[in-house]
Amino acid sequence: MELVLDKYATTKVEDVKVWFKAASVNDFPQDGGACVKYKDKQIAVFNFAKMDKWYACQNVCPHKMEMVLSRGMIGDDKGIPKVACPLHKKTFSLENGENLNGDMDAIATYPVKIEGENVYIGFSE
Amino acid sequence: MKQIIVVGNGMVGYKFCEKFVATQESKDFKITVFGEEPRPAYDRVHLSEFFENQDAEALEMAPSTWYEENGIELVTSERVVDISRGKKTITTVSDRVFSYDYLVLATGSAPFVPPIRGVEKKGVFVYRTIEDLEGMLAYAAKIKAENPNARAAVLGGGLLGLEAGKAVKDMGLEPHIVEFANKLMPRQLDLRSSQVLQLKLESIGLNIHLSKATNQILGDDRITGMEFGEDDVLDVDMLVISAGIRPRDELGKTCGLEMGVRGGIVVDNKMQTSDPNIYAIGEIALYNQMIYGLVAPGYDMAEVAVNQIIGNTEKLMPADIDMSTKLKLIGVDVASFGEPFMPPSKGHSIIFENKTQYLYKRINVSLDGKSLLGGVLVGDASDYSMLHQIYLNGMAIPEDPAQLILPATEGGGAFGDVMDLPDEAQICSCESVTKGQICGVIESGEAKDLGDVVSCTKAGTGCGGCKPMVKDLTDATLKSLGIEVKDTICEHFELGRQELYDIIKIKGYRTFNEVIDNHGTGCGCELCKPLVASLMASIHADTANKEYAIQDSNDRFLANIQRNGTYSVVPRVPGGEITPDKLIALGQIAKKYDLYTKVTGGVRIDLFGATLKQLPLIWKELISHGFESGHAYGKSLRTVKTCVGSTWCRYGMDESVSFGIELENRYRGIRAPHKIKGGVSGCIRECAEARGKDFGLIAVDGGWNLYVGGNGGATPRHAELLAEQIDNETVIKYLDRYLMFYMRTAKPLQRTAAWQERLEGGMDYLKEVIIDDKLGIASDLENEMETLVNKFECEWTQAVNDPEMMKRFNHFVNSEDEDDNLVFVPMREQKMPEPWN
Ligand code: SRM
Ligand SMILES: Cc1cc2nc3c(=O)[nH]c(=O)nc-3n(C[C@H](O)[C@H](O)[C@H](O)COP(=O)(O)OP(=O)(O)OC[C@H]3O[C@@H](n4cnc5c(N)ncnc54)[C@H](O)[C@@H]3O)c2cc1C
Ligand code: SF4
Ligand code: FES
Numbered sequence: 000m001e002l003v004l005d006k007y008a009t010t011k012v013e014d015v016k017v018w019f020k021a022a023s024v025n026d027f028p029q030d031g032g033a034c035v036k037y038k039d040k041q042i043a044v045f046n047f048a049k050m051d052k053w054y055a056c057q058n059v060c061p062h063k064m065e066m067v068l069s070r071g072m073i074g075d076d077k078g079i080p081k082v083a084c085p086l087h088k089k090t091f092s093l094e095n096g097e098n099l100n101g102d103m104d105a106i107a108t109y110p111v112k113i114e115g116e117n118v119y120i121g122f123s124e
Numbered sequence: 000m001k002q003i004i005v006v007g008n009g010m011v012g013y014k015f016c017e018k019f020v021a022t023q024e025s026k027d028f029k030i031t032v033f034g035e036e037p038r039p040a041y042d043r044v045h046l047s048e049f050f051e052n053q054d055a056e057a058l059e060m061a062p063s064t065w066y067e068e069n070g071i072e073l074v075t076s077e078r079v080v081d082i083s084r085g086k087k088t089i090t091t092v093s094d095r096v097f098s099y100d101y102l103v104l105a106t107g108s109a110p111f112v113p114p115i116r117g118v119e120k121k122g123v124f125v126y127r128t129i130e131d132l133e134g135m136l137a138y139a140a141k142i143k144a145e146n147p148n149a150r151a152a153v154l155g156g157g158l159l160g161l162e163a164g165k166a167v168k169d170m171g172l173e174p175h176i177v178e179f180a181n182k183l184m185p186r187q188l189d190l191r192s193s194q195v196l197q198l199k200l201e202s203i204g205l206n207i208h209l210s211k212a213t214n215q216i217l218g219d220d221r222i223t224g225m226e227f228g229e230d231d232v233l234d235v236d237m238l239v240i241s242a243g244i245r246p247r248d249e250l251g252k253t254c255g256l257e258m259g260v261r262g263g264i265v266v267d268n269k270m271q272t273s274d275p276n277i278y279a280i281g282e283i284a285l286y287n288q289m290i291y292g293l294v295a296p297g298y299d300m301a302e303v304a305v306n307q308i309i310g311n312t313e314k315l316m317p318a319d320i321d322m323s324t325k326l327k328l329i330g331v332d333v334a335s336f337g338e339p340f341m342p343p344s345k346g347h348s349i350i351f352e353n354k355t356q357y358l359y360k361r362i363n364v365s366l367d368g369k370s371l372l373g374g375v376l377v378g379d380a381s382d383y384s385m386l387h388q389i390y391l392n393g394m395a396i397p398e399d400p401a402q403l404i405l406p407a408t409e410g411g412g413a414f415g416d417v418m419d420l421p422d423e424a425q426i427c428s429c430e431s432v433t434k435g436q437i438c439g440v441i442e443s444g445e446a447k448d449l450g451d452v453v454s455c456t457k458a459g460t461g462c463g464g465c466k467p468m469v470k471d472l473t474d475a476t477l478k479s480l481g482i483e484v485k486d487t488i489c490e491h492f493e494l495g496r497q498e499l500y501d502i503i504k505i506k507g508y509r510t511f512n513e514v515i516d517n518h519g520t521g522c523g524c525e526l527c528k529p530l531v532a533s534l535m536a537s538i539h540a541d542t543a544n545k546e547y548a549i550q551d552s553n554d555r556f557l558a559n560i561q562r563n564g565t566y567s568v569v570p571r572v573p574g575g576e577i578t579p580d581k582l583i584a585l586g587q588i589a590k591k592y593d594l595y596t597k598v599t600g601g602v603r604i605d606l607f608g609a610t611l612k613q614l615p616l617i618w619k620e621l622i623s624h625g626f627e628s629g630h631a632y633g634k635s636l637r638t639v640k641t642c643v644g645s646t647w648c649r650y651g652m653d654e655s656v657s658f659g660i661e662l663e664n665r666y667r668g669i670r671a672p673h674k675i676k677g678g679v680s681g682c683i684r685e686c687a688e689a690r691g692k693d694f695g696l697i698a699v700d701g702g703w704n705l706y707v708g709g710n711g712g713a714t715p716r717h718a719e720l721l722a723e724q725i726d727n728e729t730v731i732k733y734l735d736r737y738l739m740f741y742m743r744t745a746k747p748l749q750r751t752a753a754w755q756e757r758l759e760g761g762m763d764y765l766k767e768v769i770i771d772d773k774l775g776i777a778s779d780l781e782n783e784m785e786t787l788v789n790k791f792e793c794e795w796t797q798a799v800n801d802p803e804m805m806k807r808f809n810h811f812v813n814s815e816d817e818d819d820n821l822v823f824v825p826m827r828e829q830k831m832p833e834p835w836n
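Line by line, the protein sequences give chains A and Z. Following numbering that gives the first Met the number 0, the numbering of the first sequence begins with 0 at its first residue and continues without gaps. Following numbering that gives the first Met the number 0, the numbering of the second sequence begins with 0 at its first residue and continues without gaps.
Since the hints were derived computationally from the structure, they do not count as laboratory data. A few of these clues could be false.
[Unchecked claim] The calculated SDA-like cross-link candidates involving lysine to any residue, where the alpha carbons are at most 25 Å apart (straight line), are:
id, chain 1, residue 1, chain 2, residue 2
1, Z, K612, A, N117
2, Z, K269, Z, Y291
3, A, K36, Z, P802
4, Z, K447, A, L99
5, Z, K806, A, F47
6, A, K40, Z, T91
7, A, K20, Z, E817
8, A, K40, Z, W835
9, Z, K447, A, I79
10, A, K52, Z, N512
Make the full structure from the sequences, and use the hints.
Have a look at this one:
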């Protein structure tokens, strides 16, 4: 089981080696998320249209190791953008991955950039 | 470092440890605790909850790790068998010897088993430990398997006996209570209140036998009956003895401590026994020549012993100990406080009795009419907390003391505001928390809400009886500080649901952003987004497809997410009626997509294990066979369960299926604060369980009886009668009004049952609004409902016909692949997701 988690590690913008072109901006719902496949990884990407921001994180929820976070609802916790897992509503900061309503391990987050109509996710490998 | 040995890890022994480690001085002591039971101390007061969930851990006072973390050595399954006072050592059953500086005896008591011939037979139990309960459960299951009508008796009609009576009733056995005295709860109740209680208990199926002395237990090796007189025999298959307690004072006897004539180790007001190094607390201690069989005095004793040992010698046990009790037995309130029985020479009694409602209230006041001396309440103990406080604090009572117990009249009830209590009034007697402490933590800013108050003071964490008062005090104190106590939705909206409902309706908002930009702050969250979505749906009849990203995850994908992230598919089967062709279609579709198939508890069929991508494909096929969404994912109408009714049944009074289908089709799709379920039964045999539903109909002579506000779930509740013998048209009229009124005013995620229970004015008010149209809104409610009904559209049909909407149903945006993390394993002849570990 831990193997699944090993695939994901928070990536900072400065460590990005590959900007992966994931999909078109219009493929993502406004103020919602969708899942992107990159090699053997599943990445949840969120379009915070209201703040004109984008975030990405691992799709797997560390609580029960299911690939569901992209289907969670997004919002903010005192200004921190977050996603709530659709299974048991654990919430995670999309800025640093921290579990905001419990003491789960943090999730991995990834940088996102928009160029033209396209959404790119940054990976270090 | 000094060594303390605690013998007995029960409620009071544990409380001693908890209070001890909270002191500064505890670092100079080492505590070792011996407990005979196999597990750490648990909450015996709530022992009966074990029958509901068989979860022993949930009852633990603290997990075993707590002892370690606090430097306490806990030795379970080890009885202490000897004390050597000269050497200051104890010996355990496995012959280990330990020395002590201080010894604390907290060995509690054991059930008293009267020496009746035959008590050793199989099927005779006592009621004190988790092991006792496990034994009873196993035995009950066995005898029920042999005889579904098996009976169980409880010997003793005291507080515990009645609780045991409920337990055996819940186990599905026919319950009998056998009491020696001529009344129930002889220590707490007078004869008249006992008679009222007896009527009530009999009305719910308990058989009560008073003035019965049991001569012998009948049966070969297992119990088959109880014999009272020569020809007076009660056939029973099981017996629970609850005839009082006896202190477990063996250790005190053998080492020569001073003992009471009828047992118990004598202590003074320092909790010291006749040996100054040995303390005794809890149900083992004989104080004032009394054994106090309640936790609250035991906890006070623990507190005194802690203080004495660390050198706070001025902390003493008070001379008077309050033995007031309140309990809820099988849904009947019973309380007694102060002096429940009083000779006329000492004061006057005021008695209110109404046997038709199983109500009895008695208060005893002093001869000068100025103070309250005690009382008894049966059937309705809502006045208990206040009366008890008035009694404890010697507060002044009204000139006409009858006001204290008479049913509240309009405009009355001003007497007895919680804030009038003196600061030293003890609100939580289990944890000794005063009013001053509760208000204090709020005033100092340490606590900001009820949750904080409970965690700061521990009030309400014992028996829980004081919770309503703690809440009232918290609310009143917050209010006095100018802090508004408001049920706001979340950090993004300073509004309640009803206010938001009105705003959206009046302003006609259609998107989440319009609402939050004008009336909230931030981006929203998983609480306010689905709520706004639900309100807009209730008001405009929009389906969940409208703005799918603000829908709760299940509504977003129009399906219930399952453990592994796949979904379930539940088509509507109105009233549970289904043609063979449709059944075959369901079977074929399930087979084609390899879906786990199950009949639900809501009389329809659930297909599990569909991936996101399969959902629209499956629905397309279902729709082509005439199915539509069953809204199993929405806070909306689920099912209207029906029985077959007069169509087939020889007892049917009306066509319950036809009417059930009509109602299900009428209300399908409407979004509400929580899900709604209905039931329609063709006669009072009630095969559709209509009274367990949010709305229920039962056909009677002359029409339908309409019940509302029923619930299964964690807090089951029977629906209450709203109207009798009404025709189909009137049912629909009242239901339209009722449901719409609920949708307008309930809190988020509040089922009708909880809403109705908290509705000010109760059922009478509800009838005035729904039937007499007291608020003048009935026609509005009907019109609003009519609009919703007319606008209904199946959201799955919408979705599968719109290519834009279909885009939602894909695991990846950039690939057609399925989630490679999914693993199914075989389950009987079907499949299931791999178990979680
Ligand atoms: C499938 C089913 C169990 C089954 O295998 O039979 C079921 C399954 C779920 N129930 Fe239920 N309940 C099912 C009948 C019931 C019943 C029985 C009934 O309807 O007569 C009850 C008690 C009656 C009642 O509601 O008063 C019931 C009381 C609950 C509750 C407690 C509600 C409450 O008021 O306390 C929840 C939790 C909630 O809704 O917050 C719940 C929640 C759930 C959820 C939605 C939990 C979840 O979020 O995953 C389950 C997922 C359903 C799904 O399809 O994936 N389910 N659930 C039944 C579906 C009935 C249907 O055809 O739609
Ligand atoms: C079903 C039930 C319902 C109740 N309801 C209420 C209620 O509503 N309100 C209320 O106030 N009270 C209630 N009580 C009473 C309450 O539970 C007791 O007053 C309380 O548990 C007494 O605590 P204690 O620590 O003195 O004794 P116990 O909780 O009995 O603990 C004593 C422990 O010491 C152990 N022990 C005994 N001898 C030895 C030895 N030699 N060596 C090692 N260990 C030993 C025992 O095994 C036991 O675990 C109820 C009791 C029962 C059984
Ligand atoms: S009872 Fe619990 S486990 Fe069973 S279906 Fe309902 S919610 Fe799920
Ligand atoms: S699986 Fe995500 S919260 Fe439980």
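Now for the hints, and whether the structure bears them out:
{"no.": "1", "hint": "K612(Z) - N117(A)", "verdict": "holds, 24 Å"}
{"no.": "2", "hint": "K269(Z) - Y291(Z)", "verdict": "holds, 16 Å"}
{"no.": "3", "hint": "K36(A) - P802(Z)", "verdict": "holds, 22 Å"}
{"no.": "4", "hint": "K447(Z) - L99(A)", "verdict": "holds, 20 Å"}
{"no.": "5", "hint": "K806(Z) - F47(A)", "verdict": "holds, 19 Å"}
{"no.": "6", "hint": "K40(A) - T91(Z)", "verdict": "violated, 60 Å"}
{"no.": "7", "hint": "K20(A) - E817(Z)", "verdict": "holds, 20 Å"}
{"no.": "8", "hint": "K40(A) - W835(Z)", "verdict": "holds, 21 Å"}
{"no.": "9", "hint": "K447(Z) - I79(A)", "verdict": "holds, 23 Å"}
{"no.": "10", "hint": "K52(A) - N512(Z)", "verdict": "holds, 16 Å"}
Figure legend: structure checked against the earlier numbered hints; the only hint not met is number 6.
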